[in-house]
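Knowing the structure of chain F, use the given hints to seat chain L on it.
There are 2 protein chains.
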Amino acid sequence: MELTVLGCNSAKPTSNRHPSAQVLSVANHMFLIDCAEGTQFQLHQMHVNFMRIDYILISHLHGDHVLGLVGLLSTMSLLHRSTPLTIIADPQLETIVRSQINFFCENISFEINFIHIHFELPQIVLNIKGVSVQSVPLRHRVPTCGFVVREQPKEPNIRKNAIYKYGLTIADIVNIKNGKAWTDPVTGECVNRKELVIDPPKPKSYAYISDTAYKPDIVPYIEGVSLLYHESTFASDKEDMAKITYHSTAQQAATIAQRANVGKLLLGHYSSRYKETDIFEAEAQNIFPNSTAVYDGYKLVF
Amino acid sequence: MELTVLGCNSAKPTSNRHPSAQVLSVANHMFLIDCAEGTQFQLHQMHVNFMRIDYILISHLHGDHVLGLVGLLSTMSLLHRSTPLTIIADPQLETIVRSQINFFCENISFEINFIHIHFELPQIVLNIKGVSVQSVPLRHRVPTCGFVVREQPKEPNIRKNAIYKYGLTIADIVNIKNGKAWTDPVTGECVNRKELVIDPPKPKSYAYISDTAYKPDIVPYIEGVSLLYHESTFASDKEDMAKITYHSTAQQAATIAQRANVGKLLLGHYSSRYKETDIFEAEAQNIFPNSTAVYDGYKLVF
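Protein chains in written order, with numbering that gives the first Met the number 0: chain F, 0 to 301; chain L, 0 to 301.
In isolation and in its complexed conformation, chain F is listed as follows (with noise of 0.2 Å):
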């Protein structure tokens, strides 16, 4: 997987920092996960090829959250986007959308397509090849989820000299792979499982969690994922704040990563008023050391 933070403030943009949005490229498909205001001009940019967009997900319906869609689906249909995309979101946006279309985009060039989120229950809102999306419901002043995006598990390879000690079949392979025990006809001995494959690598997920107040109960959803970016639009120091506003501190995201024992936190979604992101850094290491505070142009491949 492949994650590149395109804006990471929150909904007052300042001069270095855009609101919210990123790209994550996995199993052959690019995910846009929030379109902010501007979306367009950060990924010309950090020069992402946003025509191999496939799905945009978005989390809820705040301005700083989806207000550079139109402008995109805009500028991908002057580019003559012929494939067409779908868009995880509120079946509210649906309306909006296709009106603003109808309004400010002539004969738009492809074909845009809803999958509508209901926010009560996390719910599987993709399944494709190769990936599946789940969303997971949050705390925040309007209906709003998360999503974890996880790569499937992939067919283990069958080692070749494998193939030539044994003379394998077309049909033992395929049994194999499907993870089978294999009994050698010549000595009928079972033949230890390692011997005849490569595991393939652990797949990877991603769980996006923006906006919300510190909610652990989404705990159990994202047990374990690779990567976790959770908001902290506060450090502790206006953790009243973070409450009123329904949204988290860098030490309440720091704790949901350490409960759910995730590979790496990411650290966003930062009030204009800091100027300095030190702060969500030292804050979350202190209690989960794998803690990054990213910025607008951060990549990470993981």
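Quick caveat, the hints were computed from the structure, so don't treat them as lab data.
You may find that some hints are simply not true.
The list makes no distinction among identical chains, and a pair is therefore deemed to hold if it is satisfied within one copy or across any two copies.
[What the hints assert, rightly or not] Listed below are the simulated DMTMM-like cross-link pairs for lysine to aspartate or glutamate, each with C-alpha atoms no more than 20 Å apart in a straight line:
1. Lys-11 with Glu-105
2. Lys-242 with Glu-105
3. Lys-164 with Glu-1
4. Lys-203 with Glu-154
5. Lys-193 with Asp-183
6. Lys-193 with Glu-275
7. Lys-11 with Glu-194
8. Lys-242 with Glu-93
All values reported here derive from a predicted model rather than from experimental measurement.
Just chain L, lined up with the frame of chain F:
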């Protein structure tokens, strides 16, 4: 007057050219003219105190002239703006903006008023202390108009030495300022006006003409303006394309500038196929020497 170009490109942005938006300061008012996606970031980058904007003029409802509006209004609200703001635009924009504000901006902190443009005929859309704005119907694929912003003539200043020399009363001063002749009661002679007043500077004016096919019948409305911005989406190598898409070439913009006898011509709204803009400037200067191809961040006090 002071003009700042925030975006000088047409719809499809490039890495260094944003779509249409400009700020014009005149007579203690700040006008935003068009508001493409990213306008709020550009205002920030160019250190414009955008809370001072009191009027927003929108030429037409294509995305590259309007998609930054809701984001900007939302940020103004997050910054606790309380002063009302007026948007001058196609009547349909009011419906779109109000419904989006309901969706995307919680508890907007200031009042938004709309003045509706009727595109059939030129119209004085605004007439306030020190400045008037007239719409100029253009020829594009949707209802579109340009704008002529004019400083209102200032009163002449009475020469201090004349007050002492002739013992002018308040009533005399008001009469002289209003253009009446003044007769010295001692000598009975009519005093030369030049001896009594310093004439105010000639009022400045700015015409914004974007987007339009070549339309020479706008000349009477922009005759003699101090500064003309005329779109030049294409150079003459793509004159056919300009015709099909209802845009203009740099040569056509310069022809309009020459016929209207304007003070200076600015070129912009370039198609993203042009990496450099020298070709526009060179082409226009052949016809109208005082032509400049603008760039994002171009500033002119005139």
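task: Up to 20 Å between alpha-carbons, please classify Lys-164 paired with Glu-1: within, between, both or neither.
output: neither (38 Å within a copy, 83 Å between copies)
query: Is it within, between, both or neither when you check Lys-193 against Glu-275 at 20 Å Cα-Cα?
result: neither (50 Å within a copy, 61 Å between copies)
query: With identical chains treated as interchangeable, where does the CA-CA distance between Lys-242 and Glu-105 reach 20 Å or less: within a copy, between copies, both, or neither?
result: between (44 Å within a copy, 17 Å between copies)
query: For the identical chains here, do Lys-203 and Glu-154 meet the 20 Å Cα criterion within one copy, between copies, both, or neither?
result: Intra 14 Å, inter 74 Å, cutoff 20 Å: intra-copy only.
task: Since the copies are identical, ignore which copy is meant and state whether Lys-11 and Glu-105 lie within 20 Å (CA to CA) inside a copy, between copies, both or neither.
output: between (30 Å within a copy, 13 Å between copies)
field: Intra- versus inter-copy proximity for Glu-93 and Lys-242 (alpha-carbon distance at most 20 Å)
entry: neither (31 Å within a copy, 35 Å between copies)
task: Could you place Lys-193 and Asp-183 in one of the four classes (within, between, both, neither) given a Cα distance threshold of 20 Å?
output: For Lys-193 and Asp-183, the Cα distance is within 20 Å only inside one copy (14 Å; across copies 117 Å).
message: Regarding Lys-11 and Glu-194, is the shortest C-alpha distance of 20 Å or less found within a copy, between copies, in both, or in neither?
response: For Lys-11 and Glu-194, the Cα distance exceeds 20 Å both inside one copy (57 Å) and across copies (56 Å).
Of the hints listed earlier, those the structure fails to meet are numbers 3, 6, 7 and 8, in rising order.
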